[in-house]
Amino acid sequence: MTLRLHNTLTGTKDVFEPLEPGHVGMYTCGPTVWNFAHVGNLRAFLFYDLLRRQLSANGYRITHVMNLTDIDDRILDQAMHAGTTISEYVKPFVTAFFEDMRALRAQPAEHYPKATEHIPEMLAMISTLLERGNAYVADGDVYYRIASFPRYGALSHLDRAGLKAGARVSTDKYEKEDVSDFALWKKAQLGDEELGAAWDAPFGRGRPGWHIECSAMSKHYLGDTFDIHCGGVDLMFPHHENEIAQSEAANGKPFVRVWLHSEHLAEPSGEKMSKSAGGFITLRDLIAAGHDPLAVRFFLIANAHYRSRIRLSTEALHAAAEQVRRLREFADRVRRSQPAANEDDALVSHIVEIRAAYSEALDDDLNLPQGIGLVFELVREANAALDNNRVGTEGRRGLLNLIDEVDAHLDVMGGEEPGLADEVERLIAEREAARQAKDFARADLIREGLKQRGIALEDSRDGVRWRRVSHG
RNA sequence: GGCGACGUAGCCAAGUGGCAAGGCAGAGGUCUGCAAAACCUCCAUCCCCAGUUCGAUUCUGGGCGUCGCCUCCA
1 MTLRLHNTLT GTKDVFEPLE PGHVGMYTCG PTVWNFAHVG NLRAFLFYDL LRRQLSANGY
61 RITHVMNLTD IDDRILDQAM HAGTTISEYV KPFVTAFFED MRALRAQPAE HYPKATEHIP
121 EMLAMISTLL ERGNAYVADG DVYYRIASFP RYGALSHLDR AGLKAGARVS TDKYEKEDVS
181 DFALWKKAQL GDEELGAAWD APFGRGRPGW HIECSAMSKH YLGDTFDIHC GGVDLMFPHH
241 ENEIAQSEAA NGKPFVRVWL HSEHLAEPSG EKMSKSAGGF ITLRDLIAAG HDPLAVRFFL
301 IANAHYRSRI RLSTEALHAA AEQVRRLREF ADRVRRSQPA ANEDDALVSH IVEIRAAYSE
361 ALDDDLNLPQ GIGLVFELVR EANAALDNNR VGTEGRRGLL NLIDEVDAHL DVMGGEEPGL
421 ADEVERLIAE REAARQAKDF ARADLIREGL KQRGIALEDS RDGVRWRRVS HG
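Numbering of the first sequence is given in my numbering, commencing with residue 1 and proceeding in unit increments.
Hints are computed from structural coordinates only; laboratory data are not their basis. Possibly wrong hints are sitting among the right ones.
Stated by the list, open to error - Computed cross-link-like contacts, DSSO-like style, restricted to lysine-lysine with a CA-CA straight-line distance of at most 30 Å: (1) Lys272 to Lys13; (2) Lys91 to Lys272; (3) Lys253 to Lys176; (4) Lys176 to Lys114; (5) Lys91 to Lys114; (6) Lys451 to Lys438; (7) Lys91 to Lys187; (8) Lys176 to Lys187; (9) Lys13 to Lys253; (10) Lys272 to Lys114; (11) Lys114 to Lys187; (12) Lys253 to Lys114.
Make a model of the complete structure from these sequences and hints.
As structure tokens, this is what we get:
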């Protein structure tokens, strides 16, 4: 098992080796809790989840830190309009974030630090940067001096000349040495006190800039140098570039060994999903439209590779739902099957091959879509073998192992159906009696009645089965 | 303008210098009281043009198209 990950820093797939054997420290850029997370945000968060799960599959112990940005311009604006403080304003969205993560079955991180709870760490880092000449105070604000960090731009492969050419000018309200310099600390503005958005600092009362929180909090939880840092591609520049500049200048050590960036989710139109474009679809919206959160999960992590753009569409979500349904059916079928007397040796060895190929695909920069393709190939073959009683003890065990290994990433096949409710069982028995008596009209009536309530019946050789289905 | 991605069947999508995974949708069939599920069969000269090569969807160059980043952004 050799895990290879595409490192934005090198631009290549590199064999992953953690700083400390057997342990991975990873920092992932979390939500700004100014609103509900949209599906594009969720894609990034589920990408972190997939990475986490594959690291676990490779036997690593993980310290995963995901920040919650609970102070930023949008939050200030919204809190002001709502006439409340930022900490009050943010609460429901923090709750919603964790609800979404749970609904999507994302494994929890070890730490979810909030920016406002780590102001001292930020102040310490800003002070160091000032001492070292990497930052300067201008009219109460503190800026990072990009000219002091020659490696700036190494991550996003942008050169400074290019930055200047594209930089917006004249909209800057502050005195900066260079248009590219970014704020570490912003002087308190009128109204900030009422919003609860101002803190004391050696360089004057104010609030932190956006980028410093990730540098300060990752250092606090993971140290000066750690293994993995993730985010969406749009954070590569300037956010991650700025983090590198801050952390390496302040700590005098390399910051992050492997940078991973997930691609955007596009709207149905093909354009990037963002608030400015108007399209802003949340998990709640999708659920309200009748989509299963697990179908959303499958679509976001298994439909396409994390570094390729995907487009949200009803068709794609429906296809994902069908795939989830098929996998669940298969897993249930294998679990409740009895080992046959006959063993299909070709199938047994094919299962071994597929298991190996699956794990290899995941080790190859988390290629879950490829892995899933292999799995479906085997699902068909195994279903046929089950039809013909050719799955013996060994084959069944192999399939169960494969299901577990795949579900270690997908997490859509577990969660046993609740036991047969008495009423459903009674109705099934009633219908069976009707069928025995060839009263098919009555049998169909019962089946239709259950379907109306979201329960589908299937007559199989092994008896009647029921399962929950979505309405309509 | 600068930098960078992508273009594979009706839709989504993986992939490789050597007869193009998988899923959805569709068509026909097996099984079934009818369904459902499952299985079987069918459904692609990989955007265009050159070049390299015994051989290119895969490499190189050019073109067309779509999209992203260039300090709100996952």
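Here's how the hints hold up against the structure:
1. Lys272 to Lys13: holds, 26 Å
2. Lys91 to Lys272: The hint holds at about 27 Å.
3. Lys253 to Lys176: holds, 27 Å
4. Lys176 to Lys114: holds, 28 Å
5. Lys91 to Lys114: Holds, at about 12 Å.
6. Lys451 to Lys438: holds, 21 Å
7. Lys91 to Lys187: holds, 25 Å
8. Lys176 to Lys187: holds, 14 Å
9. Lys13 to Lys253: holds, 23 Å
10. Lys272 to Lys114: holds, 27 Å
11. Lys114 to Lys187: holds, 20 Å
12. Lys253 to Lys114: With Cα atoms ~25 Å apart, Lys253 and Lys114 stay inside 30 Å; holds.
Comparing the model with each numbered hint stated earlier shows that all of them hold.
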